[in-house]
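All chains should be built: construct the whole structure from the sequences, respecting the hints.
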Amino acid sequence: ALGELKRTGWAKRGVANPESVQEHTITLRNIAASLDSLTDEEKTGLLDMLEVHDWPEAIHGDEVVISTDAQELKTRKALKFEKEQKAIATICDKLGDKGQEIMNLWLRFETSSDPAAVFARQLDKYQAIEKALEYEKAQGISLFKEFLDYARPNITHPILVARLARLEEEFSNK
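For the sequence shown, position 15 (counting from the first letter as 1) is numbered 24 according to the numbering used here, and the numbering increases by one without interruption.
No lab work stands behind these hints: they were computed from the structure. Bear in mind the structure is a predicted one, so any value in this text is a computation, not a measurement. Mixed in with the good hints, there may be bad ones.
[Stated by the list, open to error] Derived lysine to any residue pairs resembling SDA-like cross-links, with alpha carbons at most 25 angstroms apart:
1. 134 - 103
2. 134 - 50
3. 154 - 78
4. 52 - 112
5. 107 - 23
6. 107 - 127
7. 52 - 174
8. 107 - 67
9. 107 - 91
10. 154 - 52
11. 95 - 107
12. 103 - 67
13. 15 - 60
14. 95 - 80
15. 146 - 95
16. 146 - 179
17. 83 - 123
18. 134 - 182
19. 86 - 158
20. 95 - 116
21. 89 - 100
22. 95 - 75
23. 15 - 134
24. 146 - 50
25. 89 - 50
26. 86 - 73
27. 154 - 32
28. 86 - 72
29. 15 - 95
Written out as structure tokens, the structure reads:
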């Protein structure tokens, strides 16, 4: 189902042939696998966490939560978490012993409960910026600055900060 589900944020912005949720996951895993300077703590379960982080979207859909009102944003994020937690529970219930392991991976990602989960969430934000630049260059839709401004405050890992700097340089040279 995730291979057929187009990422909502891109579709809403008029991107032609936007990436699917599955393509997004594959890209995240490929980026993570290519990074050899992560600490052991940052690597522990990282690829598995990235694999399952969007599984609830197969049931719940790809919901984008944005608001300029802090309280509304908090409320909407909490509601999204509840819906996705029910969806992942439905998936995990069918997987026996492996289901609890998957649920734990998903919860680690959602709660940023350890260094690998913190990195995974930042990588998720970073990949959207990288993709925004790709779409802007290919399709002429202004996306990069919007995604950069939104996600930059949440990206603090030195590896990703350095990659962001390279993307900004590429953007300024386009």
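Here's how the hints hold up against the structure:
Taken as a hint, the residue 134 and residue 103 pair is broken in the structure, with Cα atoms around 30 angstroms apart against an allowance of 25 angstroms. The hinted pair formed by residue 134 and residue 50 meets the criterion: a straight-line CA distance of about 20 angstroms does not exceed 25 angstroms. For the hint pairing residue 154 with residue 78, the CA-to-CA distance comes to about 21 angstroms; that is within 25 angstroms, so the pair holds. Taking the CA atoms of residue 52 and residue 112, the gap is near 18 angstroms; set against the 25 angstroms cutoff, the hint holds.
For the suggested pair residue 107 and residue 23, the alpha carbons sit about 38 angstroms apart, so the restraint of at most 25 angstroms is broken. About 23 angstroms separates the Cα atoms of residue 107 and residue 127, which keeps this hinted pair within 25 angstroms; it holds. Proposed proximity of residue 52 and residue 174 is supported: the alpha carbons are some 23 angstroms apart, at most 25 angstroms. Taking the CA atoms of residue 107 and residue 67, the gap is near 18 angstroms; set against the 25 angstroms cutoff, the hint holds.
Restraint check for residue 107 and residue 91: the C-alpha separation of about 21 angstroms stays at or below 25 angstroms, so the hint holds. A C-alpha spacing of about 30 angstroms is found between residue 154 and residue 52, which places the hinted pair above 25 angstroms, so the restraint is violated. Of the pairs offered as hints, the one joining residue 95 and residue 107 holds, with about 17 angstroms between alpha carbons and a cut-off of 25 angstroms not exceeded. Under the criterion of a C-alpha separation no larger than 25 angstroms, the hint pairing residue 103 with residue 67 is consistent with the structure, at around 14 angstroms.
For a cut-off of 25 angstroms, the pair hint linking residue 15 to residue 60 stands: about 17 angstroms separates their Cα positions. The hinted pair formed by residue 95 and residue 80 meets the criterion: a straight-line CA distance of about 23 angstroms does not exceed 25 angstroms. Between residue 146 and residue 95, the direct Cα distance comes to roughly 38 angstroms. Violation of the 25 angstroms bound is thereby established for this hinted pair. A distance of roughly 10 angstroms separates the Cα atoms of residue 146 and residue 179; the hinted pair therefore holds under the 25 angstroms criterion.
Between residue 83 and residue 123 the alpha-carbon distance is near 22 angstroms, which keeps this suggested pair within the 25 angstroms criterion. A hinted pair counts as satisfied when its Cα atoms are at most 25 angstroms apart, and residue 134 with residue 182 qualifies at roughly 22 angstroms. Distance check on the hinted pair: residue 86 and residue 158 sit about 19 angstroms apart at the alpha-carbon level, within 25 angstroms; holds. Taking the CA atoms of residue 95 and residue 116, the gap is near 12 angstroms; set against the 25 angstroms cutoff, the hint holds.
For the proposed pair residue 89 and residue 100, the alpha carbon gap of about 17 angstroms is at most 25 angstroms, so the pair holds. Between residue 95 and residue 75 the CA atoms are separated by roughly 21 angstroms; this keeps the pair inside 25 angstroms, and the hint holds. Taken as a hint, the residue 15 and residue 134 pair is honoured in the structure, with Cα atoms around 17 angstroms apart against an allowance of 25 angstroms. For a cut-off of 25 angstroms, the pair hint linking residue 146 to residue 50 is broken: about 36 angstroms separates their Cα positions.
Between residue 89 and residue 50 the CA atoms are separated by roughly 28 angstroms; this puts the pair beyond 25 angstroms, and the hint is violated. Between residue 86 and residue 73 the alpha-carbon distance is near 9 angstroms, which keeps this suggested pair within the 25 angstroms criterion. For a cut-off of 25 angstroms, the pair hint linking residue 154 to residue 32 stands: about 22 angstroms separates their Cα positions. Between the alpha carbons of residue 86 and residue 72 the distance comes to roughly 10 angstroms, so the proposed pair stays at or under 25 angstroms and holds.
Straight-line distance between C-alpha atoms of residue 15 and residue 95 comes to about 21 angstroms, which keeps the hinted pair within the 25 angstroms bound.
When each numbered hint is compared with the structure, violations occur for hints 1, 5, 10, 15, 24 and 25.
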